[in-house]
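Engineer: In terms of the working numbering, the sequence shown opens at residue 2 and continues consecutively.
By construction, these hints were calculated from the structure, which means they are not laboratory data.
Treat the hints with care, as some may be off.
Calculated cross-link-like contacts (lysine to any residue; reagent style SDA-like; alpha-carbon spacing at most 20 Å) [as the list claims (entries may be wrong)]:
#1 K22 x P6
#2 K44 x K22
#3 K58 x G33
#4 K44 x R11
#5 K58 x I45
#6 K58 x G42
#7 K22 x D7
#8 K58 x T38
#9 K44 x M56
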Amino acid sequence: VVFNPDATMRVTPETNEHRHKLTPYDGRELRGAVEATYLRGEKIYDRGNFSDGPMGKLLKRGGITLDE
């Protein structure tokens with residue numbers, strides 16, 4: 002993650018990337034912003050723009066085993 006502690010951003014429904022857009026921060030200006038995010042060396046987020054499509058991998062949980 003590339004984080005700029007001096008940047009400011011205003012929270013709006015358009016900038017909120019959550020499924021539910023309701024937030025107590027709506028309309029507030031916040032200090033600090035993520036400018037870029039990398040996953041396994043590849044940039045997946047750059048100043049408000051996401052990469053094309055999902056980049057993660059599904060990690061399946063194994064069955065529970067008990068040592069006896």
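Engineer: Confirm or reject each hint.
Structural biologist: Evaluation of the provided hints:
1. K22 x P6: Answer violated: K22 to P6 is near 24 Å, above 20 Å.
2. K44 x K22: Distance ~25 Å between K44 and K22 Cα, so the pair is violated.
3. K58 x G33: 29 Å, violated
4. K44 x R11: 24 Å, violated
5. K58 x I45: 14 Å, holds
6. K58 x G42: 15 Å, holds
7. K22 x D7: Not satisfied, since the Cα-Cα distance of roughly 25 Å exceeds 20 Å.
8. K58 x T38: 16 Å, holds
9. K44 x M56: 10 Å, holds
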